[in-house]
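J.: Chains A and B are the protein sequences, given in the same order.
By the working numbering, the letter at position 61 of the first sequence is numbered 61, and the numbering carries on one by one without gaps.
The working numbering runs 1000 ahead of the 1-based position in the second sequence.
Don't read these hints as lab results, they were simulated from the structure.
Fair warning: there could be bad hints in the mix.
Partial selection, computed: residues in chain B whose CB lies under 7 Å from chain A [claimed, not checked]:
| no. | residue |
| --- | --- |
| 1 | A1007 |
| 2 | D1031 |
| 3 | K1086 |
| 4 | A1095 |
| 5 | P1125 |
| 6 | D1290 |
| 7 | L1291 |
Computed from a predicted model, the values in this text were never measured in an experiment.
Yeah, the Cβ is synthetic: ideal placement off N, Cα and C, and Gly gets one too.
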Amino acid sequence: MPNSRETEAWGSQIRKGVVELAVLGLLAGEPRYGSQLVDDLAEHPALAISAGTIYPLLSRLRRAGLIESNWVESPVGPPRKYYTLTDEGRTALASMTSAWSDVTTTLTRILQEGS
Amino acid sequence: MTIAGPADLSPAGRRRAEEFLAAAPVDLRDDLRAHLYDNLAPGDSEPEVEAVIAALGPIGNERSRRGLRGRILGVPYDFTAPTWDKIASRLWNPADPRIWQPHLFGIGWSPNLGAVAARLGLIEPDAEDDPLTGAALSPAALLPAAVATAAVLGSAAILGRSLPDRVGRGWRGDGSPKQVDSRARAIVGSIGWTLAPTALGAFALGGPGGHTVGVPEATSARRSRTGAVVVATAVATGTAVDWAGTVVRARTGRPQPWVGPAAILAATGSIFAILLTQARRGRRAEQTRDLADPEG
């Protein structure tokens, strides 16, 4: 029987696996800057991440060609770097969303059958 | 020529590049991706991508590289080649929050000065898309090494003859010298170990595309130049502080325990200033590209 620590670690592994999909999903809605993504994800505690996680992730997504960045003037304070999906990013998001849907549908069914 | 990403290639070229990267060892993927982007041109198709891949030669498997880096009892080690590019990217990675990274070469850790700058609010973690590549290296980057060289040359010229025939060099933690050399050898050695790195830094700075505005430069080449100047600065400033210890000890006869910490401080502080300045120049270059008037 896994203890709470093991369950927490398992939950953390799941979060790591889906946060990329969550970020792409948020950027599909509108361009956002780094700390804005952290704040938006913080509204969903299950997916909350730190600033230390978001920037390496954004860097990796940008190098993979899934997102691109652009400096934009800010009405308050210095310019901000906004991120948007590229065409490749939209394609990847669609594929990942489909794969996620398959996994969750199957898992939900298994858990319902088991309960 | 360089490309910004796979979208710049033809569909066939993009497919081949993605296939290659997907099959590449995970620990090399980022480096291989950067290499492809630096060596392909917009519109390149499958034959061009194949040519760049072929030129890489055998990559080797993770098993063969495993012995070169890893951890022993929790302490990291890395004996892979310390390229200029690797030096710069390890020392300056503001997107990575870890201040201590596996050592550039050897056992232990090295500081990620970019993480320090981000924590102090001096630079944004994503100030540049690719750290230290947004702008050509400023000639001012050579200032610390040049000042160190001038200080050694000037003090050697003024004070050299008044030093005793034999002087101490290289300092232990207790302030005693590791070795005792002839005055001439100490002077020549100190001048050599400041002048040569400064000359190397100047060569890196002034080489083709070094800081010439408008001359395109591959991403890793630009970061490599920064890495070379950083190493030159570390050697020159460290040597200058060592020479200062030699002079002070010769004149006072007392141990100089401050030399070691001062050398580290001088080198680290100079390198931090160089990298922060370069990162801000890169940020400004990106903002100039994207904004109508970056000054507001």
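J.: Hint numbers the structure violates, sorted upward?
T.: 2, 3
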